[in-house]
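> The residues making up each chain are set out below.
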Amino acid sequence: MSTTSHLETETHGHDDHHGHEHHKETFISKYVFSMDHKMISRQFLITGIIMGCIGVFMSILFRLQLAWPSESFGIIETFLGKWGKDGILDPNFYLALVTIHGTIMVFYVLTAGLSGTFSNLLIPLQIGARDMASPFMNMLSYWFFFLSSIVLISSFFVETGPASAGWTVYPPLSALEKAMPGSGLGMTLWLVAIILFIVSSLLGGINYISTVLNMRTKGMSMDRMPLTIWSFFFTAVLGLLSFPVLLGAGLFLIFDRSFGTSFYLSDIYLNGIGALDNVGGSPVLYQHLFWFLGHPEVYIILMPALGITSEVIANNARKPIFGYTAMVISLLGISFLSFIVWGHHMFITGMNPFLGTVFMFVTLIIAVPSAVKTFNYLATLWKGNIRFTPAMLFAIGLVSLFITGGLTGIYLGNAALDIQLHDTYFVVAHFHLVMGSASIFGMFAGIYHWYPKMFGKMMNNTLGYFHFWLTFISAYVVFFPMHFMGLAGVPRRYYEFTLVPEFGIWMDVNVVITIAAIVGGLAQVFFLYNFFVNIFKGEKATQNPWQSNSLEWTTPVEHIHGNWPGPLPVVYRGPYEYSVPGRELDYYPQNIPSDGEDDIHHTETVKVDEPTIETPTTEVDSSKVLFASFAKLFGLNRA
Amino acid sequence: MKQTQMKTFIKTGLMVLFFGFVYVAEPILELKTLNTELQEAALFGVGSDEFEPFKEATGAESLKSKIQWALYIAAGLLILVLAYVFDVASYAQKLTGRKIADANKINAWMLLIFLGVGMYFAAWEFVVHGPETKVYNSSSEHGVDYDNMFMITLIFTAIVFVATQVLLFVYSFMYKKSETRKATYYSHNNKLEVFWTIIPAIVLTILVLRGYAVWKNITYENPNSKNAQEIEVFAYQFGWTARYPGADNKFGAHSFNYISGTNSLGLAVESEVETFKEELKKDTSDYIAKINSIDTYLSELNAKVKDFKKLANFKGVEDTEKEIARVLNGEYKMDLELMLRRRTKQLERMALVEMNKEEYKATFNGSVHDDMITKEIVVLKNKPVKLKFRSRDIIHSAFLPDFRVQMNCVPGMNTEFTFVPTKSTDEIRKEKNNEEYNYYLYCNKICGQAHFNMKIKFVVVETETEYKTWIAAQKPAYPMQLPGSEKEEEINSPVENQVEESVVIIQSNNKKSI
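So the sequences go chain by chain: A and B. Numbering that gives the first Met the number 0 numbers the first residue of the first sequence as 0 and each following residue consecutively. Numbering that gives the first Met the number 0 numbers the first residue of the second sequence as 0 and each following residue consecutively.
Heads up, simulated BS3-like pairs for lysine-lysine below, C-alpha to C-alpha not over 27 Å straight-line:
| hint | chain 1 | residue 1 | chain 2 | residue 2 |
| --- | --- | --- | --- | --- |
| 1 | A | Lys-81 | B | Lys-314 |
| 2 | A | Lys-84 | A | Lys-177 |
| 3 | B | Lys-181 | B | Lys-104 |
| 4 | B | Lys-10 | A | Lys-536 |
| 5 | B | Lys-344 | A | Lys-177 |
| 6 | B | Lys-280 | A | Lys-177 |
Taking CB as the label site, the calculated pair distances span:
| hint | chain 1 | residue 1 | chain 2 | residue 2 | range |
| --- | --- | --- | --- | --- | --- |
| 7 | B | Asn-189 | A | Pro-566 | 34 to 44 Å |
| 8 | B | Asp-294 | A | Gly-271 | 20 to 30 Å |
| 9 | A | Cys-52 | B | Ser-292 | 51 to 61 Å |
| 10 | A | Cys-52 | B | Leu-337 | 34 to 44 Å |
| 11 | B | Val-165 | A | Ser-257 | 47 to 57 Å |
| 12 | A | Phe-353 | B | Ile-205 | 16 to 26 Å |
| 13 | B | Asn-248 | A | Thr-77 | 58 to 68 Å |
It is worth saying that the hints were derived from the structure and are not from the lab. C-beta atoms are modelled at their ideal positions from N, C-alpha and C, and glycine is treated no differently.
Work out the full structure, taking the sequences as your base and the hints as a guide.
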C-alpha cells in the first residue's frame, strides 16, 4: 500500500498545474478534438447521459398522457409548445415522443453511450495498449455520433415535428409525407441522423476489432482477456456486419421518399392525393432489412452490459467467473445466432408462415447460451464473499432483469404465441426488461465500477445505493404489470384507451405505472448529482479501489497519454484469479509474475518520478495495424 | 474545505428552487388578484388585435397548471434535500471514522426483502390481473390450442423464474462479505456446465415442437382453409370496411387504380370505372392548364396580397406570400407535374387492362355486382371464416384479441387468416356479465394520428337463421344497373371464362414475399 500513497502524493503535485504536464496540448486538442481514448470515452459517456435524460424525460411526458388521458399538464405545454396546447398532448406528437424515445434509448444511449464509452475506455486499458489502433478514426467516431445527436434533436424544431412512425420507421407510413405529419422533414432528419450514427459506429467498430486483435500486450493471449473485452469484441463484429444493412435500408427509404423509386411501395392510394405511381415494391422488404440489423442490435446493446456484469460480479464476489470458456462460447453462440433469427419480429407481417417455423426454431435455440450465462453468474455468486458496492448491486439487478425479461422471450419467439402477443404491451414489457433495463443496469454497473478510472475520483456510495434501489424497484413496477396488459390484448402505441371500453380495467394500472416511472425518473437525479458533482468534488481515487486483477488498475490515477508511464505491463495469468488458495491477498493482478512476492511493488508503473511520456507508437503504425488486423481476419500472412 | 464548498453549492440550489417555488405558488396564494391583472392589461392597451390580455393567468386551468408546477418543483426540492442529508451523513461517517451502518449488511438484507416482496407482488399480479387477461378465455377453436401452448410455456418459465431468482437473491444474501471467510476458488466444472446446457436445450425442444404443431395448424396447414366463409377486410387510415362476396360466393376483382370517391374499395365496376376515367382525364387537363397558366396565377396571388393588406388580414397576407414563394421557387410547378404524372400513369395502367382482352374479361366478369360492403363484420358461430386482408394506404394490423387472431394488412400484398369462432356475442356478454360488450377488430400497427381509434365491430351470431336474416338485409353496393347488354355478359361470362379463382387481383397476384 505504500506505493499507492507514493503515487498519490506524486500525482498530487501535478494537481494544480495540470495543464503543464502536456504543454503541447491546447484546450481544444485535449478536451474537444481529443484523440486519447480515455477522453473520447468520457465524451461518449457524457453525451450518452444527456441523451438519456432527454429520452427518459420524453417517456415521462407520454406516460402522463397514458395515465391521465386528455388531462391538462402545464409541463407538457411548457416543453412542447404547440404540440401540447392547453397542456394536452397532441396525438401525432405522442407518436413522435414514442418514436424518438425509442431511437434515443436504443441507439444513442445503449449503443453509443454504453458500448462507445466502455469499449473506448477498457479495450486499450485492459489489453495493455497505449491507445486505439487508430486514434484519429476513434475521434471521428465520436464526432459523427455527436453530429448525429444534434441532427436528431434538431428535428424537434421542425414545423411538422420529428419522425413519428415508431422507432422501426416502417414504410409506407414513414415513406409518405402525406400519411402523417412526422413523415415530412422530421423523417428526413431522422434518416440523416441514423446514417451519421452508422458511420460513427462503423468507425468505432473497425477500431475496436483491430485493437483487440493486434495490440494486446505481451502475455495477453485471447484466453486471458477479460470477458468485457470479449463482449466488446463480439459487439463490434456484430455492428460491423449488421449496421451496413441498415444503411442500405435507410438509403432505399431515402430514395423512395425523395427520388420516386418504389423499393418499399406498391399499390397505394392516399387520401387527398389519389393513387400513387409506385408499383412493384414490398413494404416487407424493409422489415427484413431493418430486422437484419435490428436483432443483432439487441445484442449489440446487451452484450457489453453482460461483459461488464461478468467483470463486476467476479470482482465483487471475489471469485473467478464460473466457466470462463463457456461464457466466451455462449457470447460467440449468441453473436452467431443473432444473425439468423430476425424473422421472429415478422411472424404475422405477411411473411410466408413456413419461414416463420424456421425462425421459431433458431430463435428458441438462442435461449440456450443465454441460460448458460445466467447459470454461470449464479455459480459465480455461490460461496463467494460478496461486497455490495453500487456496481455490484446493479450487476445483480441486471441478472434479475435479464432472467425476467429473457424468459418472456420464449413466449414471443414462439410463432404461435406471437399471434396474440405481437405489438401488445407484452412486447413492451419484454424488451424494456431484457434489453432496456438490463442494459441500463449494466451501464450503471460499469459507471460505478470504472468511475475512479475515468475521472480519478470516487462516487458517493450512499447515493449510489438510493439510486439503485429506487431504479430497481421502479423498473419492476413499471414493466411487470405490462405483461398482463399485453395478455389482455392491449395494443402498444395507443394514444389513449378511453375510446376502447374493454381496456378500461387497465386504467388504474396505467396510473401506477406512470407514478413508478416518475419515481424512477427522479431517482436518476441521485445519479446525476453523484456523477457530475463528484467529477469536481469527489474524493480522490486510490490506485486500485476494488482490488481488481485487470490491467486498467495498474495505470496511474491521473490520466496520461499512452496510459502507462513506463513500458507496457506484461501479463502472466487470466483476469479472474480471485481468492486463489494459498495466497494471502484475495486477488492476483494479471501483471504480477507468479514466482514473485505477493505484492504490487513489482509493477513498473508506480515508479513515476518523472513520467516519461512516450509518443504512442500506435499513431505511427495505425494503418499498418489496421491492415494487419484484416489480414489476420482473412487468414493472410503479415506482409 | 471540499465539504463546505459542496454545502454552499447545495444551499444555493435549495435557495434557487425555493424562490422558484414561491414565484410559482404566488398566484395560487392569490397574492396577485384578478384586478391587478386587469389593470396591467389596461396599461398595455386592450383592444388591439394582437394583444391577448392575460387570458391564461385568469383561467382556472392555469391555476391547475401552476399547482402542478409547484408540485414538480417541490419534488425536485425533496430530492435535493435528500441528497443533501445523505451527503452530509456520509461525510459525518468519514469524519468521525466510525461506521454509522454496515452498508453491506443492509444491502444484503434489502436484496432478501426485495425477493420476498417481489415474489409476493408477482403472485398477486397473477391472482388479481391474471383473470383479466384472455388466457383460457378464447372465443375461437384454435384459441384453445393456443392457451394450452401458453400454459405449458408459463409452467416451464415460471419454474425457471422462481428457481433462478430465488438462487440469485439468496446466494447474494448468504454469501455477503464476511471478514472471517474467504471465497471458494471454483472456476469451472465441465459436467455441471454440460448439464445446464442440455436441460434448457431439451425443454426448448419440447416447446419448439409443440409451438410448431400449433403454428402449422393455424396458418399454412389449416384444415378449414378450403371450406371457410370468405370475407374481405379492407383497412385504410383510419377505419375498416368489410366486403361479402354475395350469392355467387365470388369476390369481384379490385385494383387500387379504381379507388375513387364513390368506389372506396376500388372494385372493378364498369360504370364506376368509366366515370372515374372521365374524372381522371379532366384532372389531367386541369393540371396541364394550371401548369400553363402559372404567370396568371402569380399575378392573381399578388392582387390577393394587396387586398388582404387593405383588409389588414395578416394571416391571409402571410399565407398568400408563402404560396407566392412556392410558385417562385418552382415547388408549385413541381407538385403539379407530379400530380399530372400520377394521373397519367394511372390512366395508362387502366388502359393496359383494357387492352388485354383476357384480363379485362376476368376483371370485369360481373361477380362484383352482388358484393356487399358493410361497416361491421358478422359471422356465424362454429363456422370457419377466412378473413382476407387488404390495405389501401399503409400497413395496418387486424387484431382480434378475443379470437387469438392477428395479421398485418399490407398494401400491394394479400394476407389472410382462417379461424372458427366458437362463442357468439350473446354468450360472451353473458359470460362477462356485460350487456354492452362487443368483439372488435382493432388496428395494431402504428398508422398515424387516429391509430388508437381504428376499429370495427365483429359480431358472432348464434344461429344460421340470424345470419341469413342479416345477410338478406344487406344490399349489394353496385347492383346490376341495366338489364341490357351487361346482363348478357353476365350470363356468358362463366361459360366463356376459364377463371377459376374467385378473386382476380390485377396487381401482383400471388405476391407472398419472403
